[in-house]
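Q: Take these sequences, add in the hints, and give me the full structure.
Spelled out, the chains give:
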Amino acid sequence: MEFFTDNLVTVTLVLPILGALGIGLFTESEDGARWTALGASVLTLVASLWLVVDFDPDAGVQAVDSLSWIPSIGASLTVGVDGISLILIVMTAFLTPLIVLSSWEHPDRLRSYLMAFLALEAASIGVFAAQDLLLFYVFFEFSLVPMFLVIGMWGGANRRYAAVKFFLYTLVGGLTMLVGIIYIYNFIGGTSLAFADIGLLLTETPLSLLEQRWLFLAFFLAFAIKAPLFPVHTWLPDAHTEAPTAGSVFLAAVLLKMGGYGFIRFCLTWFPDASTELATGSGSGFFSVPWLMVLSVIGILYGAVVALVQPDIKKLVAYSSVSHMGFVVLGIFALNATATSAGVVQMVNHGLSTGALFLLVGFLYDRRHTRMIAEFGGLAKSTPVYAGMFLLVVMSSIALPGLNGFVGEFPILVGTFSVMPWAASLAAFGALLAAIYLLWAYQRMFTGPLDGAANEATTDMTQREIWVMVPLVVVIVAIGLYPQPLYDLVEPSVQQVLANVAQ
Amino acid sequence: MGALPMHVLATEATEGGEAVVNAVMTADGVLSLVWLIPLVPLLGFGLTLALGDRVRHWVAIAATTFSFVMAVLVFFAVQGQPDSYVATLAPFIEVGTFRVEWAFLVDQLTTVMLLVVTGVGLLVHIYSIGYMEGDSRYTRFFAYLNLFLAAMLVLVTGSSLLVLFIGWEGVGLASFLLIGFWFEDARNSSAATKAFVTNRVGDVAFMIAMFFAFSQFGTLDFFTADHTGILEQAGVLSATGALVLGLLLLFGAAAKSAQIPLFVWLPDAMAGPTPVSALMHAATMVTAGVYLLVRTSPILVQSLDAMTVIAWVGTLTALLAALIAMRQDGIKKILAYSTVSQLGYMVMGVGVGGFSEGIFHLVTHAFFKGLLFLAAGSVMHALANTESVWKMGGLRKIMPITFWTSFAAWLAISGIPPFAGFFSKDQILATAYDHGFVAIWVIGVVTAALTAFYMTRWFALVFLGEPRWREGQEVSDPHGHGTTELHPHESPTTMTAPLVVLGALSVVGGGLLNFTHGGRLYTWLQPAVASIADLGLPEHGALSELVLIIISVVAAVIGIIGGFMLYGPQRDLSLGSSAEPLRGPAAELLERKFFIDEAYSAIFVGAGGWLARAAAWFDSTVIDGAVNGVAGVSLWFGQESRRAQTGRAHTYLGVVVGSVVLLAVVLIVQVR
Amino acid sequence: MPIGAYYLVAAIMFATGLVGILVRRNLIVLFMCVELMLNAVNLTLVAASRMWGGADGQVFVFFVIVVAAAEVVVGLALIVNIFFRRGSLDVDAQHLLEH
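Residue numbers (our numbering), protein chains in the order written: chain A, 58 to 560; chain B, 13 to 684; chain C, 204 to 302.
Worth flagging that the hints you see were computed from the coordinates, not collected in a lab. Predicted, not measured: the structure shown is a model, and the values here were computed from it. We put the beta carbon where it would ideally sit given N, CA and C, even for glycine. One thing to keep in mind: the hints can contain errors.
Some, not all, of what chain B presents toward chain A, calculated at C-beta under 10 Å [said to hold, decoys possible]:
hint, residue
1, Leu59
2, Leu61
3, Ala102
4, Gly182
5, Gly192
6, Glu196
7, Thr205
8, Arg212
9, Val216
10, Pro429
11, Pro430
12, Phe606
13, Ala624
A: Right, dumping it as structure tokens:
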């Protein structure tokens, strides 16, 4: 037992892998696969929550497990968590059982499907927990493979294109990051690739501004594509639209967060001068423009504006993700405790809200096999429970106070305003645009006369679907009313990162 | 009950300076439980939704009654105390330098708002029992009403701009749900979306105001332990800062309180059930903007320019809406524009420095406008949801209670003494004149005449003269529920009782509140609003108070006479709407609401839609085109390179020979 | 005779063979041209060995002759097989190596 509690992070990481292997090797029926997947993901959630119980927010990175891997280049299997990692891991672990539940009746190759998601979960937890640069890179790239399969094998009509586009686009970012990693490896003399050691070395002998700029660019590209940040965002709409429901949920909720996480963990921590320069525009010439803020604000407004005219509800939500992640990146690079912590919390909130939204859209797609808003109308009459849940999640997405979206978005904007008022003011319009495109979609789909037999025949949510949504709804409301625990968890770690930047 | 975390602040009251700031202390007892007032209706909402049709309206009414009773208790507890009280429930968000708590504020201003909101709320709940009877989603309606009440109560008791904003957006949500209550009709849900989105525009301004306030004050609390609350240190604002903040707050309030340029949602909101119109769009929700401005009056008085802008926005809105109301034909539409106009008066009052006067008009308006809407509902109920006033008339004997209460409300809104509206409207105009805003005063008087005119028109067309309907006539239900036969009769007691209560208040409410300088309401509110002493406005104008009163009354009488001349029972209006005497291009302009809706539609919906489509094209063609282009380039490269693989031996031989020759040349040259 | 004459003859032979493999289509003729080039090289080596006065070049010629013989054996066997399968010895008609 102690073995488990002493190595909780490893356990959390390994459980989904064991689940996937279990499905592959030991189950033959679909039922076996379902329950194994559910069991593994629930156990992972329990393990991650256990981590929270023992967690000390002020102690930095903790629960570190280390195993020697490739000593000749200093790579080790080191995992550990700080506030930022932990909250993202918990979110991942929380969503995976819901994804498994929502895929319960998936008609096509269920066993492989569930295996893919468990592998995804493991890869994602690995990304957030990795404390070694090579390990991080491996998990980061590895997460692409199951996602590629999910989109390509179980996706919609245009799935091949979307899957390949997703894979190659994200891979390119990963490759530039690899160049950066190799440079860092050479720079530190090839002794260790552990974060702690690299961090230590970089504080003793900081990189020159020129080196920082190039390395920042190398890492930035990978995470900007992932986040996604304008203008490298166009893989997202296709990937989201063509992916099956659970795939879209995981993509939006977890994979995108790797971008935000990477910004904090690498760009802010190791290249603080370059980050500051690009975030505040304090340099000269090209660097006198706060590019990071400009791109974030453009992303917020542009994503929202394009979402306005999407006829496909999934594509609409995809573009809304671009817009919402713009808020997150804006907060991160505002470089103060309020905005950056809120950026992290908003990553969790966005995962919950947009995950919920995709799940709901998926339920509708399961019944009607169409995603076109024009095909729906007056659904509030035939599916009142569904309409109510949809409206709640929409309200969360447009940052209605009292729900979780607000408690992330508002501090982001308050914090950003103190450093760059114009950015915060423009970004606030994003809230207005979000209300427009989401409420208009709601209006078209759910209100008005019930036109068409298809709309009348649409059945309301089943018990299982309700059980999938209830935890999400509860958490959305709970965080909306009392978010302080999240902030307590995240803020000290953010403060540590920012202290490094300030120097 | 029992020990609750109490926020303890003790200071002396400071008079003079830029603003009157209360000492903020705690007390035990009722005031520490002020957070129950919004919480119980929120629970009522949840319980009613969860328990469904088993509870119908009982939970909601119980919750509302509880809140009303508590509001009364709070009123008595605040009496005699000059201070404001803050009850802190729990932390909300604390990150970095940003700190906000779930905290609630009680002072004299709060109690006035609490009584109005819970009182009128309770009356509307009771009214709804009769009005919504038979509706398939009867219980849901009461749940939403409770939700609204909860949000509105959070709004008025919030002890920081943020908590106020939570309630502010919450009433927006409730409004969305209630306007679109009969969502099967696409027009209703369209109106609901329009309301929410238009309000959101103001919300953006409100948010930016909050960002700015936080950057200036370091907090969003109205009062804090060390006197750094935004109302306490309003003086730190620079002149420009105060102007900016004041204008942002105005813009936020303009959306909620339907002022220029964001009033367009209110007339459309009449699509909702009439109790909703009465409660939200007459008495409470739309007054939130006025409340916000009065609550932040210590900030507003830092900038005379901001206040002047506020005054003019209110004045012009009042005039514009009154003009439009003159030529509307819907029984509720007229009242809607009237509400916009009266809200304009309240905002005008705030802008000229009459904060308490603005609140007074808020209170009396809740009485008579709430009554008017409920009466309109009563009439519509009797006439099978007919909406056009040209299909009404002759209801005096058939619906006596409705008639006489409407009579009282009509006189009140027209500003005839001693009815309630006279006192409040006159005080605002007097304040405007005394503080030197003579042009505003003139426009206000003209608008008062117009108000009397269009309300007389309303009253006469709805109740007086010969009926323009027939007993037994078949009419089609505008809500698409088939046809009904007309058998108009007085409404049930659940509907008429609230009418009577509000009617009584419309008659005596003004006098009872005895609003003069030194009168009851004025003195009551003094500690809670800012003093305008430092603004340098004159105290009195040339004309005396009595002369001003006479001018106001004369204007009202002129309006009433005009209304009777054109629409009174002596005229033959049997032709219906073609008997409308006001015609011509000017009248047409008024009837088409100055084409403002059309203009907004063209600008925002039209241009906005074009912009969105352009952006979507840009995204798929240019940006994605670049991405696909990169893929295309690599594909092309591969295709072209493939051509070298001809499979023919000769090609390969040729390449070999060529390479050898090249190599030889290079070597020879090098050796040289 | 000047030694250059031998080089000249060898060069002409080599060029003839080279042009031959580039232009001629019959596999057997191709082989004959390759042989021609190999023999041209042999001639050059012998002449050079005579010019420089050592035996190195002449020894090398023996290597070349052996390799050429081996290559001819294998090559002709392949040609026979190709002829049986394809029915023609036209090298341009065999798209065997195409993508």
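Q: Against each hint, give a clear statement of whether it holds in the structure.
A: A quick look at each hint next to the structure:
With a cut of 10 Å, the hint placing leucine 59 of chain B at the interface with chain A is violated, because the nearest CB-to-CB distance is about 15 Å. A distance limit of 10 Å between C-beta atoms decides the matter here; for leucine 61 of chain B the minimum to chain A is near 9 Å, and the interface restraint holds. The beta carbon of alanine 102 of chain B comes within 7 Å of a beta carbon in chain A, closer than 10 Å, and the hint placing it at the interface holds. Among the interface hints, the one on glycine 182 of chain B holds; its C-beta lies about 6 Å from the nearest C-beta in chain A, closer than the 10 Å criterion.
A least Cβ separation of about 6 Å between glycine 192 of chain B and chain A falls short of the 10 Å threshold, and the interface hint therefore holds. With its C-beta approaching chain A no nearer than about 6 Å, glutamate 196 of chain B sits inside the 10 Å limit, and its interface hint holds. For the restraint placing threonine 205 of chain B at the interface with chain A, the shortest Cβ-Cβ distance is roughly 5 Å, inside the 10 Å limit, so the hint holds. Look at arginine 212 of chain B: its Cβ gets to within about 5 Å of chain A, closer than 10 Å, so that hint holds up.
The interface hint given for valine 216 of chain B is met, as the beta carbon of that residue sits about 5 Å from the closest beta carbon of chain A, less than 10 Å. The beta carbon of proline 429 of chain B comes no nearer than 43 Å to any beta carbon in chain A, farther than 10 Å, and the hint placing it at the interface is violated. Because the beta carbon of proline 430 of chain B sits about 43 Å from the nearest beta carbon in chain A, more than 10 Å, this interface hint is broken. The beta carbon of phenylalanine 606 of chain B is not positioned within 10 Å of any beta carbon in chain A (closest approach about 24 Å), and the interface hint is therefore violated.
Using the Cβ-Cβ criterion of 10 Å, the hint placing alanine 624 of chain B at the interface with chain A is satisfied: the shortest such distance is roughly 4 Å.
Consistency with the previously given hints fails for numbers 1, 10, 11, 12, ordered from lowest to highest.
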